[in-house]
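Enquirer: Sequence:
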Amino acid sequence: MPEPLRVTDENYVLRLRVWTEGSDKPLQGCGVRGFFQRFSCVGCMELGGCWHWTGAGGAGDGGGVDVEFGVLVDVREEGAGYSGERVEEVAVADELGFEGAWLSEHHLAADGVLPSPLVMAGVLAGRTSRIRIGTNVLVLPLHHPLRVAENAAVLDLVSGGRFVLGVGQGYAEREFAAFGADRRRRGALLEEGVETIRRAWAGDLSVTPRPGHRIPIYAAGVTEAGLQRAARVGDGVIIYCATPADLIARRKLLDEVVEDPPPLICTGIMHVDEDADRAWAAAAPGIAYLEGEIASYGGTEPPALRREDYLVGTPEDVAGRLIELQAATRFVQFAHWLRLPTMSHEAALRSLELVAARVIPAVRAGVGR
1 MPEPLRVTDE NYVLRLRVWT EGSDKPLQGC GVRGFFQRFS CVGCMELGGC WHWTGAGGAG
61 DGGGVDVEFG VLVDVREEGA GYSGERVEEV AVADELGFEG AWLSEHHLAA DGVLPSPLVM
121 AGVLAGRTSR IRIGTNVLVL PLHHPLRVAE NAAVLDLVSG GRFVLGVGQG YAEREFAAFG
181 ADRRRRGALL EEGVETIRRA WAGDLSVTPR PGHRIPIYAA GVTEAGLQRA ARVGDGVIIY
241 CATPADLIAR RKLLDEVVED PPPLICTGIM HVDEDADRAW AAAAPGIAYL EGEIASYGGT
301 EPPALRREDY LVGTPEDVAG RLIELQAATR FVQFAHWLRL PTMSHEAALR SLELVAARVI
361 PAVRAGVGR
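Take the sequence shown: its position 36, counted from the start at 1, is 36 in our numbering, and no numbers get skipped.
Because the hints were derived from the structure by calculation, they are not lab data.
For every residue, glycine included, the Cβ atom is placed at its ideal position computed from N, Cα and C.
Certain hints may be false.
[Stated by the list, open to error] Derived SDA-like pairs (lysine to any residue); straight-line CA-CA distance at most 25 Å:
(1) K252 to A178
(2) K252 to A242
(3) K252 to T208
(4) K252 to D309
(5) K252 to I294
(6) K252 to E191
(7) K252 to A327
(8) K252 to G203
(9) K252 to R307
(10) K252 to Y171
(11) K252 to C241
(12) K252 to A281
(13) K252 to A304
(14) K252 to R147
(15) K252 to F179
(16) K252 to T300
(17) K252 to A225
(18) K252 to R321
(19) K252 to H213
(20) K252 to R198
(21) K252 to P285
(22) K252 to G320
(23) K252 to V222
(24) K252 to E324
(25) K252 to G187
(26) K252 to L108
(27) K252 to R232
(28) K252 to E291
(29) K252 to E346
(30) K252 to G212
(31) K252 to A295
(32) K252 to R364
(33) K252 to E308
(34) K252 to G368
[Stated by the list, open to error] Simulated restraints, written as ranges between beta carbons of each label pair:
(35) E316 to G292: 29 to 35 Å
(36) E173 to E95: 19 to 25 Å
(37) G292 to H144: 29 to 35 Å
Model the full structure from these sequences, guided by the hints.
Expert: So this is what it looks like as structure tokens:
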């Protein structure tokens, strides 16, 4: 094997030669900004064995892409939100081979939706063994960045290097008002916060403990300015949209406003069942709830629900649409709502198992071919 290249760029944006695990065939073009591909970049072993993404067509023979799949963990007071069911669902996702479990942050919500994702990340780290656990997203302007750096470092250490920090600038006026944060400066606060966190981890500031691995930072964006900022400060970009059409539109905007964008994680809604009608019956109430919730934050009217707009149906139908979505967005990971609001524990687990058994293999077989 050739001598591995050294890491010399402080931003880790470089081109290295990498080898897949168990293979002596070199792959060219490790972008080093992503982490979800399941191979180790030998030039980065000094960073603790970072996992990187080669980009579309870069992995394996025949131009295929080993895209990854994650779950967005919806934790609320309703039902068994803060008891064992949500944790059990993530443990099942871990056993089934999903690569990411993501936690969002909201405050002052009537239904008690999760306000403390870093606390819950620690709980999930203790109940899982291989799945990466991240925030999608932490509203960084509401937090002191040094405290975030400390908490993330502890999570990295207790999880064995499985923590991912996803950050966003936030948007809800009531949250900024409650925390005394200047909403008008949320973009600048995000950038300043990411810079401070990276300096803390690098040892420029007297913050301990330091992480045992290089923690990836992904940043969320929606608007033109937000996507530009996310690509500028993040190792990758996170986009959430409920429908494939909206995800594709945001990807197009990202390509228009950012030259050579970093890896993209798409987060959206997906639910499958052997019976398409039963799938929609289980998912529709939760989708309506979420669409109404998002509209209320922005002071707009929720859209009319059309079944064909969402990734809901049989495993075969959804897999076909996911292949089309990956071709259009080039996502490196698709993370779906593990359990929509009002959905039963049993329906969520049934869908999760079908996604693992039939959707993911079909998508991986069809993507990039």
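Enquirer: Of the hints given before, which are not true for this structure?
Expert: 1, 3, 8, 12, 14, 15, 19, 20, 21, 26, 29, 30 and 36
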